[in-house]
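Undergrad: Please construct the entire structure, taking both the sequences and the accompanying hints into account.
Protein chains: 4
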Amino acid sequence: MTSAPSSASRTFAGGMWSFGRIIDRYATDGYGPEIGTLRTIELAAASGELVGLDLNYPFDAGVGVADVKAALDAHGLVATNITPVIYDRRFRSGSFTGADAATRRAAHDLAEESVDVAAALGARYVKFWPGQDGYDYPFQVDYPTLRRHAVEGIRDVARNHPDVTFGIEYKLKEPRNRLFWSTAAASLLAIERTGVDNVGLVVDFGHSLFAKENPAEALSLAHETGRLVDVEVDDNYREWDDDLTAGALHLVETLEFLHVVREIGWQHPVKLDLFPYREDPGDAVRESVATLRALEERAARLPLDELRAAQAAHDAMTAQRLVRTALFG
Amino acid sequence: MTSAPSSASRTFAGGMWSFGRIIDRYATDGYGPEIGTLRTIELAAASGELVGLDLNYPFDAGVGVADVKAALDAHGLVATNITPVIYDRRFRSGSFTGADAATRRAAHDLAEESVDVAAALGARYVKFWPGQDGYDYPFQVDYPTLRRHAVEGIRDVARNHPDVTFGIEYKLKEPRNRLFWSTAAASLLAIERTGVDNVGLVVDFGHSLFAKENPAEALSLAHETGRLVDVEVDDNYREWDDDLTAGALHLVETLEFLHVVREIGWQHPVKLDLFPYREDPGDAVRESVATLRALEERAARLPLDELRAAQAAHDAMTAQRLVRTALFG
Amino acid sequence: MTSAPSSASRTFAGGMWSFGRIIDRYATDGYGPEIGTLRTIELAAASGELVGLDLNYPFDAGVGVADVKAALDAHGLVATNITPVIYDRRFRSGSFTGADAATRRAAHDLAEESVDVAAALGARYVKFWPGQDGYDYPFQVDYPTLRRHAVEGIRDVARNHPDVTFGIEYKLKEPRNRLFWSTAAASLLAIERTGVDNVGLVVDFGHSLFAKENPAEALSLAHETGRLVDVEVDDNYREWDDDLTAGALHLVETLEFLHVVREIGWQHPVKLDLFPYREDPGDAVRESVATLRALEERAARLPLDELRAAQAAHDAMTAQRLVRTALFG
Amino acid sequence: MTSAPSSASRTFAGGMWSFGRIIDRYATDGYGPEIGTLRTIELAAASGELVGLDLNYPFDAGVGVADVKAALDAHGLVATNITPVIYDRRFRSGSFTGADAATRRAAHDLAEESVDVAAALGARYVKFWPGQDGYDYPFQVDYPTLRRHAVEGIRDVARNHPDVTFGIEYKLKEPRNRLFWSTAAASLLAIERTGVDNVGLVVDFGHSLFAKENPAEALSLAHETGRLVDVEVDDNYREWDDDLTAGALHLVETLEFLHVVREIGWQHPVKLDLFPYREDPGDAVRESVATLRALEERAARLPLDELRAAQAAHDAMTAQRLVRTALFG
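Residue numbers (full-length UniProt numbering), protein chains in the order written: chain X, 1 to 329; chain W, 1 to 329; chain F, 1 to 329; chain L, 1 to 329.
Take these hints with a grain of salt, some might be off.
[Said to hold, decoys possible] Not close to chain F: a few residues of chain L, all C-beta gaps over 12 angstroms, as computed: (1) Asp67; (2) Ala74; (3) Pro269; (4) Ala326.
[To be verified] Simulated coverage check for chain W against chain L, where a stretch passes if three residues somewhere in it have a Cβ under 8 angstroms from a Cβ of chain L: (5) 246–255; (6) 316–325.
[Unchecked claim] Reference listing, derived: stretches of chain W covered by chain L, where coverage requires no fewer than 3 residues with Cβ under 8 angstroms from a Cβ of chain L: (7) 270–280; (8) 286–294.
These are computed hints drawn from the structure, not numbers from a lab.
Using N, Cα and C, we set each Cβ at its ideal position, and we do this for glycine too.
TA: Laid out in structure tokens, this is it:
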């Protein structure tokens, strides 16, 4: 295992969407004004805590890759990854698993474009978040077909670019009631079926939590399979993807997640996936990072030999004591 | 108890929003094209199954009350109620419980306007769905203040119009993570504190279900307190307000809900609260109504004396048998 | 408001059940050996952190009230309250709401006995936890009858003893799938209907959490109505009454709960409701108390003026910052 | 695909536990009297609807395999499978994943014994339900070690008996808060890692439902991987393993599950996993079977060509209509 970074050297990335206009089905006029692609980059940089950005593609009309590159450079940010928008109106009933071949082809084509954009921006990977790939009602789809489309769609893109890394961000539901890439294990099982080596998993703490996983265990599993591509953090009430600030509710489980992040020697930025509907996104980022730094500093205090001994004995009360002492002295 | 209507004479109403453009935080370009106020009325009528419509107010720019009245009349629909939009950007952090007095005043004023509109359209009541009244994070609000604003805000409007009926549609969460008007009991308790007689409850089957209530029990409670104002139906996976077609998943609990609807002698239309993101709204209405009619026809087959005897003995297996027999012969 | 006790002076009570043999439907031979009534008192005292005990009644065969009194005295413990066992085999289908009058009478009689035992032991109140009062299946019970029995059963006992305090511990479910005394608001509404002044609410942090309430808000509501009788703490995964050690998972919400405990000037011991299936109960108590003391010490650091200002503005990010700073410096 | 059996020829099996004394942490005196091994067989047969029984091993003290064989024969029942009790006090902190080698060895030895018992009784397979294999608290275990023990423990038994079939019944939680064999996908992924061919999955409708899967999809996945060993049915409120009668709540999803049971040509008995705490177990079995027969008869009415066309188009409203028509004509 590589040596873990100190909490001081831990870096953070963000999602472009956290800085844009958020909208939902009730506040259809948005929770704030329209904010363009380039402005989100400025705002992300202004948070003062981010080194990189997860970028949705396509960008705004009229904004080219070179414009984005220039904005990132100007603000000292990198593109951590490109996330093609395979979940808007065009793909409302599925992207790679859409019912008609033309939609599946459109998803494929957008993915191909995203590979080019990622290369142009020097992004580490292309992320798929297939948020419309699934179904809503019993009896709505044929499951073998859904599985086949899901696996083949990703595989076909990945095979075309054996040197590019692809990460799938799983989520139990929303906007579909049932998503195909639902849990860490379901996704790893399907990824194995792609038969390619360059597709892996993005483990989002919040997605894991409301999928009824323990996020630290899911992260450990993804790492062990050699398929871990990225790590995202946020928080929620265990039932929905609330995208609250990191550590807002689940400090112990966030601490354990960061402990595993350290144990596996994670060297890339940890990404924040926030939806600050009513908050200033800069505040939400800073508050999250401050909490994560405090927690990682506590994680560094954990007496690892004692902890491992307690874990070898499944000794919950000793583990709790060590955690409490690390947190509160 | 008044004699229950036969299932043949049961009528249904809908929500204007089911026929408009639905949008969410991912498909920010909407699940379909823009649809104006008057067109939603046309589409609602075209479903062929509705006698009335729950109308959000304000209407589209340029559409007056007289226009809406004319459209309703032309299509043979009534306005069941007016629902002021106290949950858009202006009220994103609360309407009657907003932090600043100006926002609370704006909510009050919009409610007052809605009373006028309801009168002009002959609507039976004004509905409040205070979907932004609550909070997202622990420590975010002072609970006594939140309660006071919630109760006083509604009370002040209701006192001004003692002859007008107001109904509060409770919901556990969304878009806020925690809503004040959360459950049937929490809402009835707060309504008691208003000290007025003309405020009651809108019981939505789906809201009740994911608030971890049994909808039939919640409906019975609201009726018993004399505070039942309206009844809405839909379905979900018990964790979120999915607004699926009625009976899509929970046939037995929908049947029990309809059984209570009959037992209490409900005479008004039963309202559908659907969000057909990817479906034709007319189809969603027709499918819901067909299921509800089938279920009510089965509810009418329940041998009430035997059922009451089983219930008096808390005899679940006999009750199940009677239900199964009513459903499947 | 009375002045809040310092965290140093905060005292804790426990539940007798935490020290006895725990059993469940799978480990039907129990998670440990049989432990008698008097031995649980010894073990509770030996934890070194408790001043009082919630005692289930009846005691073991052959153990009299005087024996219990002597054991409590010998170990320097008080009986905080008596909890009649209205949820064992005899009451498996309901106690005060049981289908037959004889069962309801038996519940009444056991409650009456418990009043005597409470008096003999100097307990502050009699607690009802009506864990079998509810139902499991749709259509199983008639809701108006269930409500009537629930309210009248408690009322009849309370009326007989106007100088005795009774507390109802609400819980959403378990062992019944649906319990009558389900949420804080549902219980307060029903308590109002008893028409008596000496019945109130026991707010258990864990029960509140998995009833999808925010425990701090529920506690504040119970206090405001003048119906708060006792306060219990523990933790769970928000879906079931796991009865884990306090603060094991939800540190921020436990902190907020303790903040309200302080704000309302709570002077009685805070009670632990733990089920340490596989852990030493003394360890579980000590670990819980250590966490609660650490959290209360942090609660005492909260800058109340700043917090109130943030809450008046519904300013989540400032509230989060104050909480984080209190927790981690 | 083999031709599906008609609903008339569908047979059912039960679990021995449904007919024995049920106990839980509150009714520690049990929901009824003690009932011995041989008596449960009698009662199962007396239900009149079962052809086989899932048998927990060890049997009661003094009851030998020959006694059980004789009782089964006398009542015309078969042993569908043997389920070693790897979840009682001895294994309270884990069986194959227990912290100490002696416990893991004990689990192995009991599994070996169960193989012999299964052979003696002619059972089709040995079922593992590792209900204590997991953890309760964050930081309690080392996840790589847990995974290794879980996989190796099962593998070692299976390798010793390449001609014996083993089935793992997954469950998200209970009695542990977090179980290792949690979901269909997590279990299939781990089963792949055993590297043996004779270990598969038992898909329980209720377990799948509260693991937030769609049971029909989970069943389809298990079948497709060639790892489906058995199928169990029951119902619950989607949050816990309530083990209600089949179809008590989720008729549509139960119908879809039965539809997949038919599509995959399942020929073995469908097993009921019920915990009739307060009901007569014979009634619970008969009510479940009657509902399942009614639903399978409706499943047989589904127009498969139309359904497949709707599914190919992801056409939820048409699928709903076909389902409704099959259910209600």
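Undergrad: Give a verdict on every hint.
TA: Checked hints:
{"no.": "1", "hint": "Asp67", "result": "holds, 21 angstroms"}
{"no.": "2", "hint": "Ala74", "result": "holds, 26 angstroms"}
{"no.": "3", "hint": "Pro269", "result": "holds, 24 angstroms"}
{"no.": "4", "hint": "Ala326", "result": "holds, 22 angstroms"}
{"no.": "5", "hint": "246–255", "result": "holds (count 7)"}
{"no.": "6", "hint": "316–325", "result": "holds (count 5)"}
{"no.": "7", "hint": "270–280", "result": "holds (count 3)"}
{"no.": "8", "hint": "286–294", "result": "holds (count 4)"}
Consistency note: the structure conflicts with none of the earlier hints.
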